[in-house]
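Turn these sequences into a full structure, and let the hints steer you where they fit.
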Amino acid sequence: MDGGISIHLAPLALFHIGTFPVTNTLVATFTVSILLVVFAYIAGRSLKLKPSKFQTVVELLVMFPYQFVRETLENDKVAERIFPLIMTVFLLVLFQNWFGLLPITEGIGFFIGGGHEIAPFAYSGATDLNFTLTLGIIAFFAIEFFGVTTLGALKYSRKFITFKSPMAFVIGFIELVSELARLISFSFRLFGNIFAGKVLILVVMLFVPYFVPVPLMAFETFVGFIQAAIFALLTLFFTKVAIEMHEEEHHSEEGESHHVAA
Amino acid sequence: MDLESAKAIGMALAVGLGVIGPGIGIGIIVGHALEAMGRNPEASGRVLVNMFIGIAFTEALAIFALVVGFIIKFT
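Chains A and B, in that order, give the protein sequences.
Note that the first sequence covers residues 9 to 270 in this note's numbering.
Note that the second sequence covers residues 532 to 606 in this note's numbering.
Wrong hints could be hidden among the right ones.
Each computed SDA-like pair below joins lysine to any residue, with the alpha-carbon atoms no more than 20 Å apart [stated by the list, open to error]:
#1 B:LYS538 with A:LEU17
#2 B:LYS604 with A:LYS248
#3 A:LYS206 with B:ILE603
#4 A:LYS206 with B:ALA567
#5 A:LYS56 with A:LEU69
#6 A:LYS248 with A:SER186
#7 A:LYS248 with B:VAL580
#8 A:LYS206 with B:PHE595
#9 A:LYS85 with A:LEU17
#10 B:LYS604 with A:LEU210
#11 B:LYS604 with A:HIS16
#12 A:LYS206 with B:ALA587
#13 A:LYS206 with B:VAL599
#14 A:LYS248 with B:ASN581
Sample of chain A residues at the chain B side, in silico, Cβ under 8 Å [unchecked claim]:
#15 ILE15
#16 ALA21
#17 VAL46
#18 SER186
#19 LEU191
#20 PHE196
#21 ARG197
#22 PHE199
#23 GLY200
#24 ASN201
#25 ILE234
#26 ILE238
Listing some non-contacts, in silico: residues in chain B with all C-beta distances to chain A over 12 Å [unchecked claim]:
#27 ILE555
#28 MET568
#29 GLU573
#30 ALA574
No lab work stands behind these hints: they were computed from the structure.
No residue lacks a Cβ here, since even glycine has one placed at the ideal position from N, Cα and C.
This is how it looks when you write it as structure tokens:
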């Protein structure tokens, strides 16, 4: 396209290490990860029993979601183990999305294609399907892991493969398929939202520069938060579904009592 | 019709038709959520959270259409 907008589905590779392409989304992801690790180190370096103001704020920010996770799961053991994963995913996705909105990520780069385009050094990580798919796979395996360890492998598999009745068999099979379809919906939801936001701002910037993109940028900030929260919340809710037996079956008394005992 | 215009029409059709269903769905979700909040204002916090989750599920379908549209247009 001449003079129009350039949209790349695949992230631009900055350089190659061997055959491994180092893309600008990878740079952004590592930058955000390093910043988060540094922040975690500073926040956790000098913990005191009588907390300073900074420590109080950080503790509040961590304890509020922890309480929410515990109340939702109603299973303290699983909550204690899955909370770090959920919180890490939430923080990474959130700051990834917000980092991608900063002008330093898109404004600084070098010219490609004969000086018509700019390849930025860092670009919002969630516009790369590899990033979102990786997070989706991690969430998927975490959910299955907690389902298997909480209920036991036999009982957990009975959720999907049952021969009690033809109807139950069909429903179990559908659940199995929907379990796998989660991978697609997990990754495409995040990817699509952030990528569409980028394209939206780009298009608006082409037609009405300077003024109209401002409220849209504010909206994208909100979308970035919502999508990070949705990703974490869905992991939480699917875990809750995975660690529970179905209650509507007739002879699930022993499963129920086991669940209560656990 | 050359390939470029066919791609543009394809994207417009995919996205335009694809967002009809989610649009109706989000309308239903928000309408019922507001109704529930009006009937039961003290539960509005929980209704709001569940509403956003429902919206995210429904919106994902529209996003799928959008992603397919991008794939048609830009690959």
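We went through each hint and held it up to the structure:
Restraint check for LYS538 of chain B and LEU17 of chain A: satisfied, since their Cα atoms lie roughly 15 Å apart, inside the 20 Å limit. A distance of roughly 39 Å separates the Cα atoms of LYS604 of chain B and LYS248 of chain A; the hinted pair therefore is violated under the 20 Å criterion. Only pairs whose Cα atoms come within 20 Å are accepted, and LYS206 of chain A paired with ILE603 of chain B is accepted, the gap being roughly 18 Å. As the CA atoms of LYS206 of chain A and ALA567 of chain B are separated by approximately 35 Å, the hinted pair breaks the 20 Å bound.
Using a Cα cut-off of 20 Å, the hinted pair LYS56 of chain A and LEU69 of chain A holds, with the two alpha carbons roughly 17 Å apart. Of the supplied pair hints, the one linking LYS248 of chain A and SER186 of chain A holds, its CA atoms being roughly 16 Å apart against a limit of 20 Å. With a C-alpha separation of about 16 Å, the suggested pairing of LYS248 of chain A with VAL580 of chain B holds against the 20 Å cut-off. As the CA atoms of LYS206 of chain A and PHE595 of chain B are separated by approximately 16 Å, the hinted pair is consistent with the 20 Å bound.
Under the criterion of a C-alpha separation no larger than 20 Å, the hint pairing LYS85 of chain A with LEU17 of chain A is inconsistent with the structure, at around 41 Å. With a C-alpha separation of about 16 Å, the suggested pair LYS604 of chain B and LEU210 of chain A falls inside the 20 Å cut-off, and the hint holds. For the proposed pair LYS604 of chain B and HIS16 of chain A, the alpha carbon gap of about 10 Å is at most 20 Å, so the pair holds. Using a Cα cut-off of 20 Å, the hinted pair LYS206 of chain A and ALA587 of chain B holds, with the two alpha carbons roughly 18 Å apart.
Our distance criterion of 20 Å between C-alpha atoms is met by LYS206 of chain A and VAL599 of chain B, whose separation comes to about 16 Å. Proximity of LYS248 of chain A to ASN581 of chain B is assessed by CA-CA distance (about 15 Å); at most 20 Å being required, the pair is judged to hold. Below 8 Å, beta-carbon pairs count as interface contacts, and ILE15 of chain A has one with chain B at about 6 Å; its hint therefore holds. The closest approach between the C-beta of ALA21 of chain A and any C-beta of chain B is roughly 17 Å, which is over the 8 Å cut-off, so the hint fails.
The closest approach between the C-beta of VAL46 of chain A and any C-beta of chain B is roughly 31 Å, which is over the 8 Å cut-off, so the hint fails. Of the supplied interface hints, the one on SER186 of chain A is violated, with its beta-carbon coming no nearer than about 12 Å to a beta-carbon of chain B, more than 8 Å. The beta carbon of LEU191 of chain A is not positioned within 8 Å of any beta carbon in chain B (closest approach about 13 Å), and the interface hint is therefore violated. Interface hint at PHE196 of chain A: satisfied, since its Cβ lies 6 Å from the closest Cβ of chain B, which is below the 8 Å cut-off.
At its closest, the beta carbon of ARG197 of chain A sits 4 Å from a beta carbon of chain B; the interface hint therefore holds under the 8 Å criterion. Taken as an interface hint, PHE199 of chain A checks out: its beta carbon lies about 7 Å from the nearest beta carbon of chain B, inside 8 Å. Against a cut-off of 8 Å between C-beta atoms, the interface hint on GLY200 of chain A holds, since the closest Cβ of chain B lies about 3 Å away. For the restraint placing ASN201 of chain A at the interface with chain B, the shortest Cβ-Cβ distance is roughly 6 Å, inside the 8 Å limit, so the hint holds.
Taking 8 Å as the C-beta contact cut-off toward chain B, the hint placing ILE234 of chain A at the interface holds, the least distance being around 7 Å. Given hint, ILE238 of chain A at the interface with chain B, holds; its Cβ is 4 Å from that chain's nearest Cβ, closer than 8 Å. Here ILE555 of chain B stays apart from chain A, with its beta-carbon at least about 19 Å from theirs, past the 12 Å limit. No Cβ of chain A approaches the Cβ of MET568 of chain B within 12 Å, the least distance being about 19 Å, so the stated non-interface status holds.
Every beta carbon of chain A lies more than 12 Å from that of GLU573 of chain B, the smallest distance being close to 18 Å; the non-interface claim holds. Every CB of chain A lies more than 12 Å from the CB of ALA574 of chain B, the least distance being 15 Å, so the non-interface label holds.
Figure legend: structure checked against the earlier numbered hints; hints not met, in rising order: 2, 4, 9, 16, 17, 18 and 19.
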